[in-house]
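Which chain is which? The protein sequence lines are S and R, in order.
Add 182 to a position in the first sequence, counting from 1, and you land on the number used in the working numbering.
Add 182 to a position in the second sequence, counting from 1, and you land on the number used in the working numbering.
It should be emphasised that the hints constitute simulated quantities derived from the structure, not laboratory data.
Since we're looking at a predicted model, the values are computed, not measured.
Please note: incorrect hints may appear among the correct ones.
Just so you know, same-sequence chains aren't split out, so a pair can sit in one copy or run between any two.
[What the hints assert, rightly or not] In silico BS3-like pairs for lysine-lysine, Cα to Cα no more than 27 Å straight-line: (1) Lys-232 <-> Lys-246; (2) Lys-225 <-> Lys-297; (3) Lys-188 <-> Lys-232; (4) Lys-297 <-> Lys-192; (5) Lys-184 <-> Lys-232; (6) Lys-186 <-> Lys-232; (7) Lys-192 <-> Lys-232; (8) Lys-192 <-> Lys-292; (9) Lys-292 <-> Lys-186; (10) Lys-225 <-> Lys-192.
Number of protein chains: 2
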Amino acid sequence: MKYKPKGYVKPQRVERAFDTEIEWLVDRNDGATNFEMRKFIIKPHGSIPKHYHPDIEHEQYVIKGRYTVGIDGETFVVGEGDSIFIPAGSVHWYENNGQTDAEFLCIIPKREDYKTVYLAQDENHN
Amino acid sequence: MKYKPKGYVKPQRVERAFDTEIEWLVDRNDGATNFEMRKFIIKPHGSIPKHYHPDIEHEQYVIKGRYTVGIDGETFVVGEGDSIFIPAGSVHWYENNGQTDAEFLCIIPKREDYKTVYLAQDENHN
C-alpha cells in the first residue's frame, strides 16, 4: 500500500520486552525492497532488554515521550525530534521511566532472517 | 554519531523546491550502510514539484502538519502519524496548503548517485 493513515496498522506485542508494542508501518508486504519502517510504543515503566543484532543496524527517530536508550555502554535520555543510529552488532536496550508513552520509529534493512541475541541485564557484549 | 539531539542537524534548502528544507538526520557520515534518514520541512504554501527517482524508493512518516502528496496520479491529504510508500520510478509531488509547517521523515536506500527526473507540472510519466 502507498498510503496508510494513522491507526491503520495494528500494534503487536513485542516478544521478550515489557509493555512494548510494534507497528510495521511499511514493510515487504507493501513492496519495500531495501528496508522496513516500524514504530515502537513503550508504555510508562516498559522496557526492551539488552540485546544485539549481528547484521542489522537501526536508524531511529523519537516521535514522542522521554526515555532512556543504552548503546554499547553509553546511555542517552532522548525526546521528541532526536535521532539515533545503532550499528549492527551494538548492544542496546530501552527503558521508559517517563509518565507518558514513548514512541519512536525504527528502520531496519530488509533481511530474510531477523537475528537477535539477548544478554543478561548485567552482561556486556564486548 | 549515535545520538543527535533535535536541532543538531542544520536544515538545507532543497533545490528546485519552494520553501522547503531538508535535514540529513542519519546518513553515510554516521556510518549508515544501507539507507539514510532525512527530515523534510515544507513551509505553508511551499511545494516540491513533480519528479521521480528511477532507482530510489521512499518510505515516509508524517511528523506534523497537513499537506498533499501526489503519487502516480493519486492524491493523498496526509497528517501526523500517516505512513507513505513511494516505489522507485513513481512520479510524486508535495504541496503544503496548510497554515503550519509540514514535516515528514523520508528514508531512502544509500546509493552513490541520487538520480532525480523532474517533470512539467502537467506532464505524466506513464
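Just pull the numbers of the violated hints for me, sorted ascending.
none
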